[in-house]
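All chains, full assembly: derive it from the sequences and hints.
The sequence shown begins at 1 in UniProt numbering and counts up one residue at a time.
Hints were generated in silico from the structure; no laboratory data involved. In this text, all values refer to a predicted model and were calculated from it rather than measured experimentally. Cβ atoms here follow ideal geometry from the backbone N, Cα and C, with glycine treated the same way. Among the clues, some could well be false.
[Stated by the list, open to error] Simulated crosslink set (SDA-like; lysine to any residue; CA at most 20 angstroms straight-line):
(1) K58 - E74
(2) K23 - P43
(3) K59 - D21
[To be verified] Now the in silico label distances, taken between C-beta atoms and shown as ranges:
(4) P43 - E76: 32 to 42 angstroms
(5) G12 - G44: 19 to 29 angstroms
(6) G4 - D56: 14 to 24 angstroms
(7) Q67 - A13: 30 to 40 angstroms
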Amino acid sequence: MEVGDIQVVRRGAATWFDFGDWKSEVASRRGDDGTLTLVGSSPGEDGYEFVVANKDSKKSLVLRDAQHEYVFMEAE
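Given below as structure tokens:
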């Protein structure tokens, strides 16, 4: 399933994910296992969790819900 693109934007010390139709500032959280997660923190868009990963030797962000996994791959 194609879910679109994320543009990662730095504004000063803040990091934003821009999806085109909506955007959210993100905060980072490191799990006990060392996993880095970027969490949406803007009102109305908060709570989305993107796990930083490497898939096929490319940086990626993984968004999961109860039934699906959405992988956003680094552009070439």
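### Message
For a C-alpha distance cap of 20 angstroms, please report whether K59 and D21 respect it.
### Response
violated (23 angstroms)
### Task
Kindly confirm whether 19 to 29 angstroms is satisfied by the beta carbon distance between G12 and G44.
holds (22 angstroms)
### Query
Does the hinted range 32 to 42 angstroms hold for P43 and E76 at CB?
Roughly 34 angstroms apart at Cβ, these two residues keep to the hinted range, so it holds.
### Query
Taken at face value, is the distance from the CA of E74 to the CA of K58 at most 20 angstroms?
holds (6 angstroms)
#### Entry: Hint check for D56 and G4 - Cβ pair distance inside 14 to 24 angstroms
holds (19 angstroms)
### Query
Could one say that the CB atoms of Q67 and A13 fall in the range 30 to 40 angstroms?
Given a distance of about 35 angstroms, which is inside 30 to 40 angstroms, the answer is holds.
### Message
For a C-alpha distance cap of 20 angstroms, please report whether K23 and P43 respect it.
### Response
Holds - the C-alpha atoms of P43 and K23 are around 10 angstroms apart, at most 20 angstroms.
Taken one by one, the earlier hints fail for this structure only at number 3.
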